[in-house]
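A.B. asks: Sequence:
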Amino acid sequence: MKKIILFSLFLLAGLILSQIVPGMAGDNFDTLKFGLDTLLYIALAYIMINVGREFELDKTQLKSYRDDYLIAMATAALPWLFVSVYFMCLMPKEMFSSWDAWKESLLLSRFAAPTSAGILFTMLAAAGLKKAWIYKKIEVLAIFDDLDTILLMIPLQIFMIGMKWQLAVVIAVVFWLLWLGWKKLNHYDLKQSWPRLLFYSLLIVILCQGIYFCTKYFFGIDSAIHIEVLLPAFVLGMTMRNHHDQESPKEKKVSTVVSYVFMLLVGLSTPLFVGIDLSEPPVSDKITANLPMMDWGAIGIHVLVVTLISNIGKLFPVFFYRDRSLYERFALSIGMFTRGEVGAGIIFIAIGYRLGGPLLIIALLSLVLNLVLTGLFVIIVKQLALKAYGNRQEESPDVLSVVPLEKK
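Read in numbering that gives the first Met the number 0, the sequence shown has 186 at position 187, and its numbers run on one by one without any break.
Quick caveat, the hints were computed from the structure, so don't treat them as lab data.
By construction, the Cβ of each residue, glycine as well, lies at the ideal position given by its N, Cα and C atoms.
Treat the hints with care, as some may be off.
[Said to hold, decoys possible] Straight-line C-alpha distance at most 25 Å; calculated SDA-like pairs for lysine to any residue:
1. K215 / L166
2. K32 / I224
3. K215 / T30
4. K249 / L8
5. K92 / N289
6. K190 / L38
7. K215 / F174
8. K58 / W132
9. K251 / W193
10. K249 / Q191
11. K102 / I286
12. K32 / V253
13. K102 / D36
14. K130 / F319
15. K182 / A171
16. K32 / F212
17. K285 / Y85
18. K182 / M159
19. K252 / Y85
20. K136 / L80
21. K183 / F198
22. K32 / V256
23. K92 / F318
24. K285 / L364
25. K135 / F318
[Claimed, not checked] Computed spacing ranges between beta-carbons, pair by pair:
26. W175 / D99: 28 to 34 Å
27. A24 / G299: 43 to 49 Å
28. G374 / G296: 23 to 29 Å
29. L303 / L16: 23 to 29 Å
30. N27 / E93: 25 to 31 Å
31. G296 / D26: 31 to 37 Å
32. M23 / Y216: 29 to 35 Å
33. C88 / L16: 27 to 33 Å
34. S97 / L150: 24 to 30 Å
35. D294 / I205: 41 to 47 Å
36. F174 / S222: 19 to 25 Å
37. Q208 / W178: 36 to 42 Å
Construct the complete structure from the given sequences, taking the supplied hints into account.
C.D. replies: Shown next, in the form of structure tokens:
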């Protein structure tokens, strides 16, 4: 629970500092921002390598994963679509027929899709559910959920780039990375200490940013090739042989610290929205960045609604796995409510495309609210699990020997 609270506090602290630091930095702000963004990319790559390391598949049992992947895909898609439509409803009515408005809304609302696998697994294990069916099934769905989020970012980025020759390059790189990840899944026995993971992260950022700056220099900013670190880092993690059983407490502590720093930097990346002069020309040509700022009461209401509808979308698994009790299916779905670093990474990517305005603030604060509520979600999951396995134990005294559950 301490980790969840600190995640929220670091994100909020970054959000507050984002409104103070530009004024304090003055003319040096652009240099400072470049340094902070570079650190953020490195932290994001580090996190995504670890997400990829969690991805394991038995290639001989692919059919058994098919239904799980489709359910995970829908569980990621429904919150995204619900929030996207809601964001469109907050824009002027004429924007409903604007493709530019829709693609910005689709990108910005994608933060609501991914479940935070790392946070979720840690808290469910602490709740005594590690050997339960709920934990095993969430373990599969959450990883597929993250994979689907990364894959769906690809067409969204293509929409933002537009139909240019760079599009063919991006698509070719994406397909090559996916082929490499599948072909070499858990293949390379690379060293995975935290200094090595940071080094790999730095190399990925240098490569991706190097491609961007080189193409920007030769073809201009509008024709630069921008490959986000999400997919290369995830694929690198996929190709590593799993060494989680060898992780020391120090390794886990460093990963946690990197996540804290990442959340702080995501908050710091938020564009100015307090005390801005609305008479000045807009700093971005994006529709969302030029929406009029709302008062804090209205923002608070929208944060609650976005959080509610995104979590309703996460209830999709309730309608499947009919061989399990309703308690278990609800526990599984509520477990998918947790959000974290991957969702924050999506928001940062949206900021990189110069999206902003009140919808960005609503997205950030909704992410914070979901983080704050994570402890409550896990408590509900545990109570539902206790009811499910308690009822089963009455029917069959041996059920807990098959699915042990620690009662505390």
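A.B. asks: A separate judgement is required for each hint: does it hold in the structure or not?
C.D. replies: Results for each hint:
1. K215 / L166: The given pair, whose Cα atoms are some 15 Å apart, holds under the 25 Å limit.
2. K32 / I224: Distance of about 21 Å is within 25 Å: holds.
3. K215 / T30: Within the cut-off at roughly 18 Å; holds.
4. K249 / L8: 23 Å, holds
5. K92 / N289: At roughly 15 Å apart (the allowed maximum being 25 Å), N289 and K92 satisfy the hint.
6. K190 / L38: OK: K190 and L38 at ~22 Å, within 25 Å.
7. K215 / F174: Given pair K215, F174 holds - Cα atoms ~23 Å apart, limit 25 Å.
8. K58 / W132: Holds: K58 and W132 sit about 22 Å apart, inside 25 Å.
9. K251 / W193: 9 Å, holds
10. K249 / Q191: The given pair, whose Cα atoms are some 13 Å apart, holds under the 25 Å limit.
11. K102 / I286: Distance ~10 Å between K102 and I286 Cα, so the pair holds.
12. K32 / V253: Answer holds: K32 to V253 is near 24 Å, not above 25 Å.
13. K102 / D36: Distance of about 24 Å is within 25 Å: holds.
14. K130 / F319: Roughly 21 Å between the alpha carbons, so the hint for K130 and F319 holds.
15. K182 / A171: 16 Å, holds
16. K32 / F212: Between K32 and F212 the Cα gap is close to 16 Å, so the pair holds against 25 Å.
17. K285 / Y85: Measuring from Cα to Cα gives roughly 18 Å; hence the hint holds.
18. K182 / M159: Roughly 30 Å between the alpha carbons, so the hint for K182 and M159 is violated.
19. K252 / Y85: 38 Å, violated
20. K136 / L80: The given pair, whose Cα atoms are some 24 Å apart, holds under the 25 Å limit.
21. K183 / F198: Cα-Cα ~21 Å, so holds.
22. K32 / V256: 21 Å, holds
23. K92 / F318: It is violated: about 34 Å lies between the C-alpha atoms, which goes past 25 Å.
24. K285 / L364: 21 Å, holds
25. K135 / F318: 18 Å, holds
26. W175 / D99: 28 to 34 Å: Check passed, 30 Å falls within 28 to 34 Å.
27. A24 / G299: 43 to 49 Å: About 30 Å separates the Cβ atoms of A24 and G299, which means 43 to 49 Å is violated.
28. G374 / G296: 23 to 29 Å: 26 Å, holds
29. L303 / L16: 23 to 29 Å: Check passed, 25 Å falls within 23 to 29 Å.
30. N27 / E93: 25 to 31 Å: 40 Å, violated
31. G296 / D26: 31 to 37 Å: At 36 Å between Cβs, range holds.
32. M23 / Y216: 29 to 35 Å: 31 Å, holds
33. C88 / L16: 27 to 33 Å: 31 Å, holds
34. S97 / L150: 24 to 30 Å: For L150 against S97, whose Cβ atoms are near 26 Å apart, the range 24 to 30 Å holds.
35. D294 / I205: 41 to 47 Å: 43 Å, holds
36. F174 / S222: 19 to 25 Å: 21 Å, holds
37. Q208 / W178: 36 to 42 Å: 24 Å, violated
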